[in-house]
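Hints in hand, dock the two standalone chains.
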Amino acid sequence: MTGGNASAGSPYAPHTAEETTAMLDAVGVKSVEALFDIPESVRFDGEFGIEQRSEQATRRDLQKTLGKNRNLTEFLGRGQYSHYVPSLVDHIADRSEFLTSYTQYQPEVTQGFLQALFEYQSMLVELTGLEIANASMYDHATALAESALLASRVRQTSGNKVLVPEYLLSGRKSVLENYTEGPGLVVEEFATDDGNVDVDALAESIDEDVVMVYAENPTTRGTIEENLTGIGDLAHEHDALFCLGSDPVALSLLQKPADVGADVVVGDAGTLGLPASYGMGLGLFATREEFVRQVPGRLVGVSEDEDENRVFTLTLQTREQHIRRERATSNICTNQAWVALRTAIHIAYLGSSGLVELAENCVTLADDLAEKLDDISGVQAPVHDKHHFREFVAHTDQPAPPIVADLEERGFAVHEVGEHEVQVCVTDVNEHAVGEFVTLFREVAK
Amino acid sequence: MEYTQAKWERDEDDLYEPLLSEKDGNAVEIDSSLPDELTRDSLELPDLSEPELARHYTRLSQMNYGIDSGPYPLGSCTMKYNPKFTEDVAALPGASIHPDRSEGSVQGTLELMHGLQDYLARIGGMDAVSLQPPAGAAGEFTGILVAKAFHEANGEGDQRTEIIVPDSAHGTNPASAALGGYDVVELPSAEDGRVDLDALSAAVGDSTALFMLTNPNTLGLFERDIEEIAETVHEAGGLLYYDGANLNALLGRARPGDMGFDIMHYNVHKTFATPHGGGGPGAGPIGVGEKLAEFLPAPRVKQVENRYERFDPERTIGKVHGFTGNWLVLVKTYAYIARLGDEGLNDASAKAVLNANYLASQIEYEVPFRPFHHEFVASAGDQDAADVAKRMLDYGVHPPTTKWPEIVSEALMTEPTEIENRETLDQLAEAFNAVSDENDETLESAPQKTTAKRIDQASAARNLRLSWQKLDE
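Protein chains in written order, with the working numbering: chain A, 1 to 446; chain B, 447 to 919.
No lab work stands behind these hints, which were simulated from the structure alone.
Be careful, since some hints might not be right.
What the hints assert, rightly or not - The calculated label-pair distances, taken between Cβ atoms and stated as ranges, are:
1) Thr157(A) / Asn909(B): 30 to 40 Å
2) Glu308(A) / Asp534(B): 38 to 48 Å
3) Asp534(B) / Gly184(A): 40 to 50 Å
Said to hold, decoys possible - With a cut-off of at most 27 Å between alpha-carbon atoms, the simulated BS3-like pairs for lysine-lysine come out as follows:
4) Lys748(B) / Lys737(B)
5) Lys849(B) / Lys64(A)
6) Lys173(A) / Lys748(B)
7) Lys849(B) / Lys899(B)
8) Lys68(A) / Lys530(B)
9) Lys530(B) / Lys64(A)
10) Lys748(B) / Lys68(A)
11) Lys895(B) / Lys453(B)
12) Lys446(A) / Lys372(A)
13) Lys453(B) / Lys899(B)
14) Lys30(A) / Lys68(A)
15) Lys386(A) / Lys173(A)
16) Lys386(A) / Lys372(A)
17) Lys453(B) / Lys916(B)
18) Lys849(B) / Lys895(B)
What the hints assert, rightly or not - Which chain A residues stay away from chain B? Per the calculated CB distances, all over 12 Å, these:
19) Arg59
20) Glu208
21) His236
22) Gly418
Even glycine gets a Cβ: it sits at the ideal position worked out from N, Cα and C.
So here's chain B without its partners, still in its complex pose (with noise of 0.2 Å):
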């Protein structure tokens, strides 16, 4: 396939950046009602007619790649297609409204969030659910505040000082441990790729308060030993947390509260195919078991009778976001998950399986732990997995993960998600098979057919220009 993305040419007088090219002249004074002193003088912003604004964002939007464009099989980002529909359902009148109105004119609102508690929950086979946390990071930081208020209600709190996270782990896991004030102790796999038992046993003990698990972990592999995992956690007082990023590739076969979690959150954007926009919003809501529930963000929506009420958990840890999360994402995952059921849930989950064997199937390169499930790890060897990627861009591709996780050398993680046919998981074989042939010079030269030719990253952090008022130093 010949693949060409668009670029739109620079120059002084170009049209196609007017927001770059006319920021000089537009400047406004100020003239206010309002005494002198409280105003500012003047404002200086591009000032441009609608049509000349469509066809700029038009423009940028053709140099720009999305999971409409074609595969994105980043793994442990887990790009799925986006039902269109539910983008008019978030946009229904009735979804967006102010989040301070009275509980008895938004029974509708308080209905749907009652629901998605109620479908994550047993999703996760949890207790009980919190919506709030505004993306999956949040979700871990807001899982984290809760085992911190349990260890301190058992009057734990300054004796456990430690989360455990292993090296496989995304790095969100040991960055929201920090934030919630912790120490990381970070545990080395196993040489098959899981958790080392043994390593453990050792790291746990009576600072533990938490133990932070992917599963399937970041190479696709369940953990098998997971109830013997969760028994040595909670032997020793700490407690478990599932990190939802990978439960696409669990739905309808497992469970993390059957499996002995305590704690997870749900990356709604992942799992349940929302866009990701670029980078957000998506939403992080967590679930816990019953002893954890009271220690949940407020508020949180209970069904009295026919009616639905909000209310603040008995010892709950306050809020995590100012308001109620992100709150259009959790529409359309409402949507998503009402519109799949159980059949259409467990059918994702297998195709997203028998989408990544497959493809790890046909390709060269050497994935060297399995079996894996939704995502598989292959290592490029002796090539360099940044130019591997950059040269996949040339065959039209979204390359995968790279250089992560470090367990495997050069790695390219992988995720296909079960939206691809076959056709399309043998023409990305083809692309990865093409540039496992490929020698040095083609791929340090690559890509070719893109926006732009190989970005120079570390330029831009040794000369920073972070707008357009430095542009020209």
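Chain A with its partners taken away, still in its complex shape (with noise of 0.2 Å):
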């Protein structure tokens, strides 16, 4: 079954039978085979073995497939982590004028968009303190790969190396080596001292061939950095580089990245406005304003029309690649604009208030958690002592698969980091079931 009085075929092309046969007319050809321009030796039958379906049979399908999935309560974090999203979210971002638009490369009837992208902007200078933030990237681990082609770029003296820390997720250092392999650079790690950055190895690690220095706060094991001034001293006086991971809900709380000298901050802005979407992200990229002919990526900026009214527009387009070519700072095209619309929405919904108290939540969430799991004997947590937000590591007693495997048997998703070790992530979403959490941790930590 079809809507509407589509022709057999694709739903959503609209030609009766009748409308294909005066097209052809105006065209002059006899059928619409004789349109294409394919030899013979390279033509396909047009069977790919794929059963055309109804709208509701697909839609079953998908709900059907879909649902083998075990329905988990997840306290899992590292790197994709999942707060409530306001319903608000959805029904503006899903408006079709915003969902269903291209590219604004005709700023005169794109003012809605280039505006929301505008105020992400703006909100992203805010919460990062530098002055410039573009209008999305992919994920965190490829915006952080963006910030070391930025800094190759802008240093003054040559230099190919790249320092993160031993805590690192695996996924972003190699997407990392992936983007940095072709410009020359190789990355390195430098250690880490119960959760956060050992300064000292990293003055012993750093020299002038470090083009430059990343760290995260919070870091992948759910720590607070305490010393982000001492990392970027060091990486400025070695003329670096100081690239901040972080989120937007972790920003609005924790030490602005301007006043610890980062130079860039990246990270994953769909920690507000995405659910966990099976890793999908939002790149976040903010940097300092001397940087920003090198800045990859979509930038808006204002201007005025004819008549003299304030206007949005891209701008800087001659650094991107539809112009540049492969002289452009980055080879960036589609990217995220959507969710930054997303993100938008969520950060100002919650505005000022809403998004601190987001934050302490994390702060204070994770630090009841930990004390719970703490009392079970057998268990120690958390493992570092440090400020956790969201998430921190456990120490069990016990092997660690096992119990990761026993809490999902028992509806319960953690993270197995060590054969001693677990991670868990609490925040909004799944702080109702905490207390079922821990009675359950009790049972398979024995």
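Here it is in structure tokens:
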């Protein structure tokens, strides 16, 4: 069954048989096939072996398939975080004028999206304290990779090393290595101490070949860094950029990146606006104004129209691939603009006080849960003697793999991060299940 | 048709732009359970009620043009109608789970990934597919990394330092090649708009890693010599890359794998009608021939009896996205392909090609290169293509892509896609033809019926104000 008067074939091609005939006549051919200028030798017979289904059947099939996923309460983090997304975000972002639009190459008819992206940039400027933010990239990992490329472009002297902490997620590291190999950069790790950057070890590792030092706040192990200024100073003493990884929730509470010397802030802004999405994200990228002409991705600026009204437009497009080709600052074209819209709506929904409250919750919920797990015989939490944000690592006297498996059996997912270590993440979305989680943890950790 | 786009007036006390007008005075001081030295002092963001925000963003949406607003014939961008049910499918609770879940607990997701890998492989005539790249350009870059890994495995990594790109190629091709650390060799097109075989023969050699080609190319022309092109590249030891931006023109008629392409990316947001979302997210899965499968990004998904498993290809390049790419876009893609099936996919390309040819037959601007498929490039002749575009906005239609490819002077690169009926195509043609008769003065003062009048984009770059903190400067 197809909607309306659509012909057989694509339900979204509205031609009636009469229309098709009339159009073929106008073009001067007898059949559509005559319009395909494809040699016989590479012609395909059109059979993919995919059966056409009704909308209802397709939807039912997908519902059934996705329904095979087990319904677990996730205490998972490590780079992908869930917060409750207010209904307003879905309803507004799904308005088709936003959802079904393209890149704003004609600003006169895309003022709405441009203003929303300008507001997104502005929110990130406030959160990071840096002067500029681009209007979205793919995810944290690719934004980190782009920051290393930026560093290698803007650094005054030569050099080819990028320093990252040993806690860096393997996915992020792999992406960073893939992006930096072409320009000849090398990624090296520096040591950490009790979850945080070991600044003394970093001082040993750093030299004049380093173009960028990267750290995270909070770290992958959930700890809050205590000496960001020390890391930034070391980077700057060696003419390297200091890049800090974070997200908008953490940035609303923790030290302002600009105050600790960060030159670039990257991260996943999709922690607001997106559900877990099986890892889909939104690359956050903010930096100092002096680097603006070397920044990857889209930028929205302010201009005037002929009536001298203030308007918004994409700007500095001469950096971009569609103009500069192989000399562009990045190859990014389609990016995550719609996710940036979602994130902006979510941030605006919370406002300053709501956002800070959400962030403060990330501290207290983690504290409380760690304390509860620590009370269990055979569990020590948190492993690191640090302040935590959203997540922490717990030591288990019993081997971690069976504990993780047993928890899953009982409906809960946590990370296994060592032979005797599990990592647990708590936010507003799983807070309601903390009581049951602790009870089950006690059973399985025995 | 009379056209006027929504416009909301702005002034100091204007509630229509609360995020901007109330930017001052919503600062909160930070009072945390953390030690002061670990926290910032204050945060200053807008503080508005839900109804205020609902109005703000609704008004912004009314000042934005989408495919549901009207025709959007942007050549090479392939703006199709986006079926609404795919949004609902992507919003199913089972779609949005944490990427680090155990294999046993995400069998549904893995089954869907496996199914989409399979669909895409069949549609492209490829042996193996990775869903990870989060965009078309990311797919290109991934394909380049795979090619590099292949040449390195053959001991030719140091030798093959060049990637050949036609001058008509999308800008992402050379940008991706450069990102991969390659020298870009630009190949001039032949007079008929296609690959110049002699120029190609002269360009390929021991240092060729890859030849990146769009087919049909950006003029909508099918590269009829594709088999000879493939042979030339392969004989020189290079690989052939298919830029999938125009795949919608070939669905069911020809497959990149059958034409000799070794690597391709799929712009699933174009070919399979998933929303572009104002510039993304899209997704750019890549497909490869058997000999390249072992280099694909990790993890991939395979079926072992009744179970789906993640696995790392033997000599994987690693990852090009922190987790699994733009998964929700891939869910929509799967739903779209499953909905259309062979019959719908074949029909989509047929109607896309018919629509382009019909529209071209109805417009007065010259179309120098033929026979084209799903898109054509008209020339605005003595008129400035950018001005033509602005004037078309007044007729209630989104203009084509302009000034590119440069092979056609004052190019109007037009792609109506299969979704427009004859009446809409006639309306589009009327807009083209009305504008073609208008004088420079009218063109230069356009648009008049849009939210904003003609925007001075150069001044935005001269006086950079990229945040509301900078608005007063």
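Cross-check of the supplied hints:
no.	hint	verdict
1	Thr157(A) / Asn909(B): 30 to 40 Å	holds (32 Å)
2	Glu308(A) / Asp534(B): 38 to 48 Å	holds (44 Å)
3	Asp534(B) / Gly184(A): 40 to 50 Å	holds (47 Å)
4	Lys748(B) / Lys737(B)	holds (17 Å)
5	Lys849(B) / Lys64(A)	violated (47 Å)
6	Lys173(A) / Lys748(B)	holds (25 Å)
7	Lys849(B) / Lys899(B)	holds (21 Å)
8	Lys68(A) / Lys530(B)	holds (24 Å)
9	Lys530(B) / Lys64(A)	holds (19 Å)
10	Lys748(B) / Lys68(A)	holds (17 Å)
11	Lys895(B) / Lys453(B)	holds (10 Å)
12	Lys446(A) / Lys372(A)	holds (15 Å)
13	Lys453(B) / Lys899(B)	holds (11 Å)
14	Lys30(A) / Lys68(A)	violated (49 Å)
15	Lys386(A) / Lys173(A)	holds (24 Å)
16	Lys386(A) / Lys372(A)	holds (17 Å)
17	Lys453(B) / Lys916(B)	holds (24 Å)
18	Lys849(B) / Lys895(B)	holds (23 Å)
19	Arg59	violated (6 Å)
20	Glu208	holds (23 Å)
21	His236	holds (20 Å)
22	Gly418	holds (15 Å)
Consistency note: the structure conflicts with the earlier hints numbered 5, 14 and 19.
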